[in-house]
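Given these sequences and hints, build the entire structure.
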Amino acid sequence: MTSIVLNAKKEVGAVQLAEPILDIRNLNVGFARNRLIAIDALDLTVRRGEIVALVGESGSGKSMTALTAMRLLPVGAGIISGEVRVHGRDLLALPPSAMNAVRGREIAMLYQQPKIMLDPTATIGRQIAEPLQIHRGLSLKDAWPHVIEALRDVGIPEPERRAMSYAHQLSGGMAQRVMIAAALSASPDILIADEPTTALDVTVQAQILKLLVRKRDEASLAVLLITHDLMVVSAIADRVAVMYAGRIVEEGETRAVLRSPRHPYTQALLRSSLLAAEEDGRLYAIPGSASAARGLSCGCRYHPRCQAARSLGIEERCRSQEPSLSTASASPGHQSRCWGVQVTAGGMQ
Amino acid sequence: MNMIDTSLANHRANPCPATPMLSVDDLVKHFRIRGRLGRQDLVRSVDGVSLDVMPGEVFGIVGESGCGKSTLARAILKLTPVDDGRVLFEGTDLATLSGARLKSFRRNVQIVFQDPYAALDPRMTIEQSLMAPLSQHRIGTPAERNAAIVAMLHEVGLDETFLPRKPSECSGGQLQRVVIARALLLKPRLLICDEPTSALDASIRAQILNLLMDLKSRFGLTMIMISHDLRVVRYICDRVAVMYLGKVVELASRDVVFSNPAHPYTKALIAASMLDSEEVGGLPEVPEGETPSPIRPPSGCRFHPRCSRREALCGQLPPRLDTVGGAHWAACHFPQSGRKPEV
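Sequences listed follow chains C and P, in order. No gaps in the numbering here: position 320 of the first sequence is 320 in our numbering, and each next residue is one more. No gaps in the numbering here: position 96 of the second sequence is 96 in our numbering, and each next residue is one more.
Since the hints were derived computationally from the structure, they do not count as laboratory data. Hints should not be assumed to be uniformly reliable.
[What the hints assert, rightly or not] Stretch-level coverage of chain P by chain C, calculated; a stretch enters the list once three of its residues show a Cβ under 8 Å from a Cβ in chain C:
| id | segment |
| --- | --- |
| 1 | 197 to 208 |
| 2 | 232 to 246 |
| 3 | 260 to 273 |
| 4 | 287 to 294 |
Just so you know, even glycine gets a beta-carbon here, dropped at the ideal spot from N, CA and C.
Written out as structure tokens, the structure is:
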């Protein structure tokens, strides 16, 4: 059922692109203390009614991207340059008070640990009402019917009773449903979901993902889904961007990227994520370590670990010059940041 | 299909003629908690589990949170008293162990936990953490202990430069290697791994699983792998027990469980966990709702409120774990594969 909806959307998307809701342009974020770069010249667009997955391993910069968009960067991290546009307006240029009016109203966020993010001292009904009180000026009494409706909508049984519960009385799955209800109560246009199902059981994970898909389809919600799990990407993302060492190394429609990944890192990540025995009976593990990219200021960030660079004999170029994101396949918008792909594509032409 | 007389099949799922290394026999562990109005509630964490782990095998225990898999591990380690049933390690009832024999049992059975940051004392150096089990069990002279630690660090793919480091100076993958080294220093016979790779990235996870398989053959280990990740289990385990709300619902060899699951819950777990690069898009069909509270588990089959194939019988009569063909066991009135057992 869901896959049919997905396919139908893809056909529409191919004909006409929806309006961009979140548009990140040339974003650079770093840490002051050790001068490490967390996000390196990132461009990313999320359009109305689409789920874009930002996938990568720990330290790749994917969560920092989410926090930058919300202007919730931790102390010590700073924006060096770039823009985060929502409906064309640069959030990074807004004064803090104006940003408060944007959070919850235009852009909202889901977190990995819903039970920790909920206020333990307030009923969940109050927490869902809060965005309506702040952004719509409703009283708690006037907001209450919306709260009940929101809880019912995200699949909470007995919403009238549940609205009076506290976070500790909820299961992890219920808490994440409540977080979704709270995040969406003032009808933002974009939802940033940072590992929303990582802490949940797999059967509950599928239910929460289904809910996000329904919100995309019914409310034309734009979703930026931050995850390390290609299983989640495969299940619900329309497009995917793969991050490595603060850089997007490949992006495109999910089907194209997962079926025919072009960047050696995407290929390696997919191969190790399958956890399927190789011919020698062992699991494929990406050689080297992500820390090899630390401190690299030129060349491809992945080249110290890249086997393709060695087998193609283009290591020198990979070490000295950084490839740009360029067309990787016939699939629309499928791009990769790899000299190897460009060399082999050029050779074929 | 190979038919077996069900009258011979009791609750023991032991197809092998060899002597098991570990036998869990109708184990029950309930936790008493203070419920509403001062009433005592029972959390039926492990509620009548029987299984055998054979020497040299990797035995997988899978299930979602609250199914009792970690409590079962704690009972097997004698870290928690049990309410009923027995755990036998090489034929000896753990309940009878104390003093020197308990200490020797502790050497023989070790555990690797999920979170290496929590498993190592942040104020101790790696050397101190590795030295602790050796001095606790008074093994070797100081020089021998040092040599053993360095040798074991090499076994797990690290080296002596890690000795003076604190956990904060290592990555998660490196710390998990240290935890594995610490467990193996005592030369255990049985290694229990409780979600050893859940906190790790995809590429690190593959490295740690490869390491565990290498060490298993090098040290002749028997392993119990506890995981919620069916992909990990499919790769590493010889036999698999699937748990739901304190009960084993299916038990079979890895290949049978994955190619021919008999219990609807096993089927749903597999559908929800497997990544298939050929089949992009679409969500798996999963059961509605969440695992009910183990304080008041559903009547009859505990899975029946979420099961799409339930019938009236399922809410009334708890299904027994019974063979559905040879060494394939399932607790379901209407198993989806194999032979239907008599009710």
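Here's how the hints hold up against the structure:
Under a criterion of three residues with beta carbons nearer than 8 Å to beta carbons of chain C, the stated coverage of the segment 197 to 208 of chain P is upheld, 7 such residues being counted. Note: the segment 232 to 246 of chain P has 3 residues with beta-carbon separation from chain C under 8 Å; the three-residue rule is met and the coverage holds. Chain C is given as covering the segment 260 to 273 of chain P, and this holds because 4 residues of the stretch bring a CB closer than 8 Å to a CB of that chain, at least three being needed. Evaluation of the coverage hint for the segment 287 to 294 of chain P: fulfilled, as 4 residues show C-beta separations to chain C shorter than 8 Å, against a requirement of three.
Violation of the numbered hints given earlier is absent; every hint is satisfied by the structure.
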